[in-house]
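Colleague: Counting from 13, one number per residue, gives the positions in the sequence shown under the working numbering.
Treat the hints loosely; a few may be bogus.
The calculated lysine to any residue pairs, modelled on SDA-like cross-linking and capped at a C-alpha distance of 20 Å, are [to be verified]:
1) K101 - G70
2) K101 - E160
3) K82 - R112
4) K74 - E160
5) K74 - T97
6) K101 - T88
7) K82 - S106
8) K74 - L162
9) K74 - T88
10) K101 - R41
11) K74 - S141
12) K82 - G127
13) K82 - A151
14) K82 - Q95
15) K74 - P51
16) K74 - I63
17) K82 - P47
18) K101 - P42
19) K74 - Y99
20) K101 - P40
21) K101 - L162
Ranges of calculated distance between the beta carbons of each label pair, as one might list FRET restraints [to be verified]:
22) Q95 - G127: 35 to 43 Å
23) H147 - K82: 17 to 25 Å
24) Q49 - K82: 17 to 25 Å
25) P42 - K82: 22 to 30 Å
26) P154 - P45: 34 to 42 Å
27) P42 - R78: 31 to 39 Å
28) S108 - V144: 17 to 25 Å
29) T96 - P40: 13 to 21 Å
30) N79 - R124: 19 to 27 Å
Hints are computed from structural coordinates only; laboratory data are not their basis.
Values in this document were obtained by computation on a predicted structure and should not be read as measured data.
Beta carbons: idealized from backbone N, C-alpha and C, even for Gly.
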Amino acid sequence: MGTRKSILLLTLLLTLSGCGLVGGDRGPRPRTPMPSQVPTGPVYASVDDVITALGRGGFDCKVTLRNENKFGSDATCEVQHRQTTVYNKISVLSTSRFSRDEVGDSIATGRRAYGQTFVAAGNWFIWVSPSVYAHDMAAALPGSVVLEPLPLKEK
């Protein structure tokens with residue numbers, strides 16, 4: 013009977029440690045903070061506000077995809093610029109649901125894992141493709157900065 017209890021206890025401990033409930037810290041990975049050079053504003057309520065700001069900056073953004081929910085909103089819009097179609101994937105995160113570090117974490121994932129270039133400020137960011145036009149998009153959006161891709165992490 014002692015052997016059975018020992019095997020059961022060992023199996024239980026291995027199962028719990030595999031789930032991160034005992035031994036080792038397997039909690040969520042720490043957030044990547046918003047880069048310090050990203051201004052805290054402007055803060056926008058929705059992608060429509062960013063699209064309007066792009067328009068004021070001289071870029072007529074044709075929306076091809078839009079999504080709104082309780083977490084924020086996102087859209088893809090196309091801009092004709094220098095005989096090129098520039099694709100802007102805009103994300104605006106709800107300030108009542110997401111901290112600045114959570115916004116920063118979203119940006120860091122795209123910059124590191126996918127080599128994306130972003131324009132960002134406040135609670136929003138835009139993945140600009142082709143990335144060579146990111147500085148032009150940032151110039152149209154006062155208060156924003158360009159965030160170049162991060163080097164890939166070594167495994």
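Colleague: Measure nothing beyond the straight line between the CA atoms of K82 and Q95; if it is 20 Å or shorter, mark the hint as holding.
Modeller: Roughly 37 Å separates the two Cα atoms, so the pair is violated.
Colleague: Taking 20 Å as the top limit, are the C-alpha atoms of K101 and R41 close enough?
Modeller: 26 Å, violated
Colleague: For the pair Q49 and K82, does the Cβ-Cβ distance stay inside 17 to 25 Å?
Modeller: 30 Å, violated
Colleague: Taking only the CA atoms, is the gap from K74 to S141 under or equal to 20 Å?
Modeller: 15 Å, holds
Colleague: State, for the Cβ atoms of S108 and V144, whether the hinted interval 17 to 25 Å holds or is violated.
Modeller: Violated, at about 35 Å.
Colleague: Measuring from beta carbon to beta carbon, are H147 and K82 in 17 to 25 Å?
Modeller: 33 Å, violated
Colleague: Indicate whether the distance between the beta carbons of P42 and K82 respects the range 22 to 30 Å.
Modeller: At 25 Å between Cβs, range holds.
Colleague: Would the hint linking K101 and E160 be met if the CA-CA limit is 20 Å?
Modeller: 15 Å, holds
Colleague: Are the Cα positions of K82 and A151 separated by 20 Å at most?
Modeller: The given pair, whose Cα atoms are some 30 Å apart, is violated under the 20 Å limit.
Colleague: Can you confirm whether the C-alpha distance between K74 and L162 stays at or below 20 Å?
Modeller: The given pair, whose Cα atoms are some 29 Å apart, is violated under the 20 Å limit.
Colleague: Is K101 within 20 Å of P40, Cα to Cα?
Modeller: 27 Å, violated
Colleague: Are the Cα positions of K74 and I63 separated by 20 Å at most?
Modeller: 9 Å, holds
Of the hints listed earlier, those the structure fails to meet are numbers 4, 8, 10, 12, 13, 14, 15, 17, 18, 20, 22, 23, 24, 26, 28 and 29, in rising order.
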